[in-house]
Amino acid sequence: MTHIYDALLRIEKLYDCKTATDTANLLGMPKMTFFDNRRKALEDYKKIEQLKNEQNPVKKAILEKTINANGKKQYINSLYLSFIELAARDNLNLNWVFYNQLPIYNNEEKIAKVVQNYYLSEHLNDDSVAIPYFTDIKASAGNGYINSEDKTSDFIVLPKSMISGKKLNAIKVYGDSMSPNIKPDSIILIDLDKKELKNNTVFALRYEDEVYVKRIEDHGDTILLKSDNIQYSTIVTKRNKIFIIGQVVSTILDKNIE
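Per UniProt numbering, the sequence shown runs over residues 1 to 258.
Hints in this document: simulated from the structure, not taken from any laboratory.
Be careful, since some hints might not be right.
Lysine-lysine pairs mimicking DSSO-like chemistry, simulated, CA-CA at most 27 Å apart [what the hints assert, rightly or not]:
#1 Lys-52 / Lys-13
#2 Lys-46 / Lys-13
#3 Lys-198 / Lys-238
#4 Lys-241 / Lys-194
#5 Lys-226 / Lys-241
#6 Lys-167 / Lys-194
#7 Lys-195 / Lys-241
#8 Lys-226 / Lys-167
#9 Lys-172 / Lys-241
#10 Lys-226 / Lys-198
#11 Lys-183 / Lys-198
Construct all of the structure, not just a fragment, from the sequences and the given hints.
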């Protein structure tokens, strides 16, 4: 993989981004967050280029230490996920984004693959991981939870860097109640370890024997289940009437899944 800054420059050139604000808007990232990420990426890029030519072992060790101490993982993951979401939206070839390998656009390369259990080993490598994918969301509604021990024939294979440290399951969203943020027929990734209610956060939950994806508003004993689509009414219920499956942490459009 080329440096994340190289990938950023390719994207900015492709979309003719004249300013950093243009790129922040393109990636849907808060401006100050993007400015900070871009600055760190550029600093590391320059240091890595300097490191390639540095012969002095002491200076080389100092450079390596400063590169690793630059909040590297956090800013790289932030940009990495933004690039993946952009690729999903515009059908960019991720090999071009990260490795500068043509074509720029394609119909074959996908950000993820849905595979059946008996084909799973063919699609896994050291850089990928399999996420249980429940093709029928209602199948997990009866027992009120989703976990990897439930019977399922499908998995989604994703880059490890996209899901590091998370216990994830995937389900498909039907309907447009969470549009425009979660589009119909999207596949969402649910972090099963994140069950603590946080206001204005999207969760997958069981309510009246159905699985819902809603934005939560916590008022003590009363819970509001809100849709992002204003055409849908808010559901008002009691805390003991819902079962939290997990927090929705990412979404992938179905059209970008093989």
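Exercise. What hints, given by number in increasing order, does this structure fail?
Worked result: As far as the earlier hints go, not one is violated by this structure.
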